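Residue 31 is where the sequence shown starts when you use the numbering used here, and the numbers rise one by one after that.
I should point out that these hints are in silico values taken from the structure, not numbers from a laboratory.
Just so it is clear, the structure is predicted and the values come from calculations on it, not from any experiment.
Any given hint could turn out to be false.
DSSO-like cross-link-like pairs, simulated, lysine-lysine; straight-line CA separation at most 30 Å [what the hints assert, rightly or not]:
hint	residue 1	residue 2
1	Lys198	Lys153
2	Lys198	Lys127
3	Lys80	Lys198
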Amino acid sequence: MADKYLKIKLKSGFTLMELLLYLSVLLIMSVILANTFLLINKGGANVQAKSELNSNFTFINAKIKRDILLATALTTPATAGATSSVLDLTVEGQSIKYTLSGNRITRQINSQPAEYISSDFVKINDLQFTRSENSNSVLGKKRVGVEIDFSGAYNSTSPELNYTQSQKTTINLNQDF
31 MADKYLKIKL KSGFTLMELL LYLSVLLIMS VILANTFLLI NKGGANVQAK
81 SELNSNFTFI NAKIKRDILL ATALTTPATA GATSSVLDLT VEGQSIKYTL
131 SGNRITRQIN SQPAEYISSD FVKINDLQFT RSENSNSVLG KKRVGVEIDF
181 SGAYNSTSPE LNYTQSQKTT INLNQDF
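Start from the sequences, fold in the hints, and give me the full structure.
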């Protein structure tokens, strides 16, 4: 009778091979799950970099566009086709100057200290302003516009966050000259 209980007890346990098989399946599933989480995290970081650049570029364009639309004079660039790294215009009697300083775009009103309009999370690599003019000989008027061309990158040393973007847009002054 003791043998009968012994056989039942032996049959109810795991063999060493079954245990190794279960552990190997568990290990494989854990590795797959960990890799999935790493890929999701990497993708999220990339989305963060793109989102930061897009929001900065949108804000920069909106700020410059607002000033150009309100401008009564465009000092720099001075002539049609001229390109400059500085945009100098007059808005409501005040001189407003946009320029690149330390990989960030600044906006300066008259002689006040310049303020950054781009985030320190974004590194602006290039900023160019080009003046354009369209003349209407019948009306004797000239329409002035500014082409804004800039490029930037997410400010990070991590390869997962390496994302660059460039943008070019043209905005016309609301005034005819």
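Comparing the hints with the structure gives:
1. A threshold of 30 Å between alpha carbons decides the hint, and for Lys198 with Lys153 the separation of about 17 Å falls inside it, so the pair holds.
2. The suggested pairing of Lys198 with Lys127 holds, with an alpha-carbon distance near 19 Å, which does not exceed 30 Å.
3. In summary, the hint linking Lys80 to Lys198 is supported, as the alpha carbons are separated by about 17 Å, within the 30 Å threshold.
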